[in-house]
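S.K.: If you use UniProt numbering, the sequence shown corresponds to residues 1 to 132, in order.
Check each hint, because a few of them may be wrong.
[As the list claims (entries may be wrong)] Quick list of the computed label-pair ranges, beta carbon to beta carbon:
hint : residue 1 : residue 2 : range
1    : Asn21     : Thr116    : 17 to 27 Å
2    : Pro97     : Asp32     : 14 to 24 Å
3    : Glu30     : Leu91     : 47 to 57 Å
4    : Leu63     : Tyr31     : 40 to 50 Å
5    : Val34     : Ile9      : 44 to 54 Å
6    : Ser42     : Glu120    : 48 to 58 Å
7    : Asp82     : Gly43     : 15 to 25 Å
8    : Asn127    : Asn84     : 20 to 30 Å
Just so you know, these hints were derived from the structure itself, not from any lab. Beta carbons: idealized from backbone N, C-alpha and C, even for Gly.
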Amino acid sequence: MHRDGLATIDKVADWVFLYANVAVENLQMEYDAVVKATSEVSGVQISANVERVALYLVARYDLYTNTADIDQFIITEFGKIDVNIEGLGVLGYVLEPLADVVTNLIHEDVANILETTGKEYLQEALNETPWP
1 MHRDGLATID
11 KVADWVFLYA
21 NVAVENLQME
31 YDAVVKATSE
41 VSGVQISANV
51 ERVALYLVAR
61 YDLYTNTADI
71 DQFIITEFGK
81 IDVNIEGLGV
91 LGYVLEPLAD
101 VVTNLIHEDV
111 ANILETTGKE
121 YLQEALNETP
131 WP
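Can you make the complete structure from the sequences, with help from the hints?
M.R.: Here you go:
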């Protein structure tokens, strides 16, 4: 995760606000599955790449209590997801619908990870970093 675009700091009364645009790029995932069709069993490999996910965040720091928290954390852009599926064998005809399902699952999983774990990591960094 890195800064991506405009970031500003503003002080209002006993609060310092950080408005920032951040992004993650080139997220890669790999999955393995076993598919059984009648008597044929094959190993399926699924790989995916998410070009870019951009986020906007507003963090605030209370000068009185010396505590920081993330007030807003919003996905503003979700880039292209490339999916590659190999090893379907006789089930090759389900490739396109399966790729659509995998794309939707990846979109949902990446969004959930960023909105939970990613946000928690940023919160930890904000807590450890001195504010102006």
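S.K.: Between leucine 63 and tyrosine 31, does the C-beta distance stay in 40 to 50 Å?
M.R.: Given a distance of about 47 Å, which is inside 40 to 50 Å, the answer is holds.
S.K.: Starting from the hint 17 to 27 Å, judge whether the C-beta atoms of asparagine 21 and threonine 116 obey it.
M.R.: For asparagine 21 and threonine 116 the Cβ distance comes to about 20 Å; the hint holds.
S.K.: Has the hinted range 47 to 57 Å been met by the Cβ atoms of glutamate 30 and leucine 91?
M.R.: Given range 47 to 57 Å: violated, Cβ gap about 20 Å.
S.K.: Okay, proline 97 versus aspartate 32 on CB: inside 14 to 24 Å?
M.R.: holds (20 Å)
S.K.: Per the hint of 20 to 30 Å, is the separation of the Cβ atoms of asparagine 127 and asparagine 84 within bounds?
M.R.: Violated - the Cβ-Cβ distance for asparagine 127 and asparagine 84, about 39 Å, lies outside 20 to 30 Å.
S.K.: In this structure, is the beta-carbon distance linking serine 42 and glutamate 120 contained in 48 to 58 Å?
M.R.: violated (38 Å)
S.K.: At the C-beta level, are aspartate 82 and glycine 43 separated by a distance inside 15 to 25 Å?
M.R.: With Cβ atoms ~21 Å apart, the hint holds.
S.K.: Determine whether the Cβ-Cβ distance between valine 34 and isoleucine 9 falls within the hinted range of 44 to 54 Å.
M.R.: holds (52 Å)
Violation of the numbered hints given earlier is confined to hints 3, 6 and 8; the remaining hints are satisfied by the structure.
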